[in-house]
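Participant: Place chain B on chain A using the hints.
Each protein sequence line maps, in turn, to chains A and B.
Residue numbers for the first sequence follow this note's numbering, beginning at 1 and rising by one.
Residue numbers for the second sequence follow this note's numbering, beginning at 318 and rising by one.
Keep in mind that the hints were calculated from the coordinates and are not lab data.
Only true hints are included.
No more than 20 Å apart at the CA atoms, straight line, and that leaves these computed lysine to any residue pairs for SDA-like: (1) A:35 - A:306; (2) A:87 - B:638; (3) B:737 - B:344; (4) A:87 - B:627; (5) A:87 - B:626; (6) A:35 - A:67; (7) A:87 - B:628; (8) B:630 - A:88; (9) B:470 - B:499; (10) A:87 - B:588; (11) B:630 - A:118; (12) B:630 - A:84; (13) B:630 - A:106; (14) B:630 - A:116; (15) B:630 - A:91; (16) B:737 - B:355; (17) B:470 - B:522; (18) B:630 - A:119; (19) B:630 - A:117; (20) B:350 - B:332; (21) B:470 - B:448; (22) B:630 - A:85; (23) A:34 - A:290; (24) A:87 - B:630; (25) B:350 - B:691; (26) B:737 - B:682; (27) A:87 - B:639; (28) B:350 - B:363; (29) B:567 - B:676; (30) A:64 - A:28; (31) B:562 - B:543.
What the simulated footprint calls covered on chain A by chain B, stretch by stretch (three residues with Cβ under 8 Å from a Cβ of chain B suffice, anywhere in the stretch; the number is not a length): (32) 84-94; (33) 110-117; (34) 124-136; (35) 193-201.
We treat Cβ as the ideally placed atom computed from N, Cα and C, and that holds for glycine.
If you want the building blocks of each chain, they are given just below.
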Amino acid sequence: MRHLLSAGDLDLAEACLILDTAAQLASVTDRSVKKLPTLRGRTVVNLFFEDSTRTRISFEIAAKRLSADVINFAAKGSSVSKGESLKDTALTLEAMGADAVVIRHSASGAPHRLATAGWIQGSVVNAGDGTHEHPTQALLDAFTLRHHLRAGTGDLAGLRVAIVGDILHSRVARSNVLLLGTLGAQVTVIAPPTLLPFGVNDWPCAVSYDLDDVLPHVDAVMMLRVQSERMQAAYFPSVNEYSRRFGLDVRRLNLLPPTAIVLHPGPMNRGMEISADVADSTRAVMVEQVANGVSIRMAVLYLLLGGMTDEDRRDQL
Amino acid sequence: MTAQSMVIRGVRPYGADPVDIIVRAGVIAEIVKAGTGSGRVVEADDLIALPGFVDLHTHLREPGREDAETIDTGSRAAALGGFTAVFAMANTSPVADTAGVVEQVWHLGQATGLVDVYPVGAVTVGLGGEQLAELGAMATSPAQVRVFSDDGKCVHDAAIMRRALEYVKAFDGVIAQHAQEPRLTVDAQMNEGLLSGQLGLTGWPGVAEESIVARDVLLAEHVDSRLHVCHVSTAGSVEVIRWAKSRGIKVTAEVTPHHLLLTEDLVATYDPVYKVNPPLRTSADIAALRAALADGTIDAIATDHAPHPHEDKDCEWAAAAFGMLGLQTAFSIAMLTMVNSGLLDWHTLADRLSVLPARIGQANGHGQDLVVGAPANIAVVDPSASWVVEPATFASKSRNSPYAGMTLPGRVVHVFKAGKASVLGGDLTC
Chain A
1 MRHLLSAGDL DLAEACLILD TAAQLASVTD RSVKKLPTLR GRTVVNLFFE
51 DSTRTRISFE IAAKRLSADV INFAAKGSSV SKGESLKDTA LTLEAMGADA
101 VVIRHSASGA PHRLATAGWI QGSVVNAGDG THEHPTQALL DAFTLRHHLR
151 AGTGDLAGLR VAIVGDILHS RVARSNVLLL GTLGAQVTVI APPTLLPFGV
201 NDWPCAVSYD LDDVLPHVDA VMMLRVQSER MQAAYFPSVN EYSRRFGLDV
251 RRLNLLPPTA IVLHPGPMNR GMEISADVAD STRAVMVEQV ANGVSIRMAV
301 LYLLLGGMTD EDRRDQL
Chain B
318 MTAQSMVIRG VRPYGADPVD IIVRAGVIAE IVKAGTGSGR VVEADDLIAL
368 PGFVDLHTHL REPGREDAET IDTGSRAAAL GGFTAVFAMA NTSPVADTAG
418 VVEQVWHLGQ ATGLVDVYPV GAVTVGLGGE QLAELGAMAT SPAQVRVFSD
468 DGKCVHDAAI MRRALEYVKA FDGVIAQHAQ EPRLTVDAQM NEGLLSGQLG
518 LTGWPGVAEE SIVARDVLLA EHVDSRLHVC HVSTAGSVEV IRWAKSRGIK
568 VTAEVTPHHL LLTEDLVATY DPVYKVNPPL RTSADIAALR AALADGTIDA
618 IATDHAPHPH EDKDCEWAAA AFGMLGLQTA FSIAMLTMVN SGLLDWHTLA
668 DRLSVLPARI GQANGHGQDL VVGAPANIAV VDPSASWVVE PATFASKSRN
718 SPYAGMTLPG RVVHVFKAGK ASVLGGDLTC
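Excised from the complex, chain A in its bound form (with noise of 0.2 Å):
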């Protein structure tokens, strides 16, 4: 594995070996020294060319946990704006030696051009492009999923999860339903017909216009941002109208099998996709979801810089 671009380009081997190293590193975590020096003198660079501090930290904190030197760069505005080109700022990352650029773009596929327009020699990683994917987060799904509901080990045959929300807008969307369903898990997609993609019957996922027919028949559900902007681009009538009919209450929570659990890629907006009652549950599994983005992260950049054997890695831990 040479870049990590899309969830797709995983398969199921490669899917378990990230979520079992990140379970080995996880306990990095717990020591009072949370430091392994595997990548020392490698530089890992995010490249943010979209605001994110949540995902941005969770990517330095990770690469830093590995001893790697860490770059935050904030590329405001890109050529689109006609700031700095994603071309220039490549060449000036390779002049400076990144080992490894971490990107986040509002362009669909750009993390893609960055791997293959022959720019840079080092590793890419996808952290949020566009539309299109955002593999990280399927990963750190698929391991709290793993954790809470496979024991923390193998993957995800059988398991049963929903998906409800913008799923036409959304990354996390693209990227899970093509890691859990490597996985062997079972997804539904739940939107209004107006939020799913052209072409989605043919998607590896089941898809469902009706969140409470579903409910009862997962094992997991997880609730996507809906920015309130598509309600000015006509694609639902207005807020309350998408709450009522998509938004997981407590009347719905209950509809979920005891086990189930709720989860939500964050940041939430509450009362509108999902209500404080149910975002501070014992159910949500949220603030789970952010630790364990720390430890795929490490997983990710361990693989794909470390260049190490499995027993290196035992060895190592």
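Facilitator: Using the frame of chain A, we list chain B on its own:
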């Protein structure tokens, strides 16, 4: 003093038996038995003569974007591609929406002299879609504009489109519509389908083209005027145009070489060289477009040659400009997709590349049959040649060809414009 004769020796008109075509004083003076003509000899053994190609749809970028192309470099690219006439779209800077701008383009084209450059006039002021440009002034200017288009933008307002169609009847003009419903294509990046959903790129649905084509053919019928549909890209548009023609509506249509060959699958590379408007579609659309070009539903092949400087393509997809080069590859793509597939022969290919586009655009003197007395606008091609596309060698100022590295069949060898050689042996004569 009698004019000098030039003998195109051993050439096969439309692939028929070899003859000598003798060109004198700008016209085809004689057609005689191969090897018997006298004059300055241009060897053309086993080569095929076709009427010089006519491109209804090019972007020469001058005035305003001379970093991408000029009338001079675009004319060179056109000549090397076998063209003797091109229509230069109006979306320049300033927009070709006044007699002054179209006259300038016309004169620059004549000064270069390699092809006849016919300026297309804008339909609306500044391509704004709100107020008709001075179509009559452009029509009566020395440029004698007959084709009007806001290409790059759609004349989306139905009332403006109706008035434009009506107004140009006074001077037998035609409105060439870029059919794209703007509200259905906000921020659109690629064909809307399964792939756009997977790639996270905003879709450009076929219905955004088809709904405008349907509206416009009905308007053209209602006001009994001439409509030309630019760069038809979907099977649905083909069906609408076929229906309209069956009703006797005065509609003509063009298809680009890239829409005859390339599919949306290329977008999965996120390489903006494949970013074009209308977008690359599906193999089913390609099959429908080829069939429509073969049966005459679509009249013409037009390149939509759209040069862009490297920096406008060497970036992320969303930031990149729409458009591809087409002039120097059009003949090869046409041969590959339509002749080698058996859908067209050389005669009918000449109709699509020359005769019909010349008629639609009223490029008088172009698109004439290769007979004695016709203006000597001739493309001589080698059907057995093949070549590897190297955009760096193109005469165009830009390099954004989607065919880079591909091996294509057929080469343009000699080109004569008004009896004067513009290309000999694959090279420009000046």
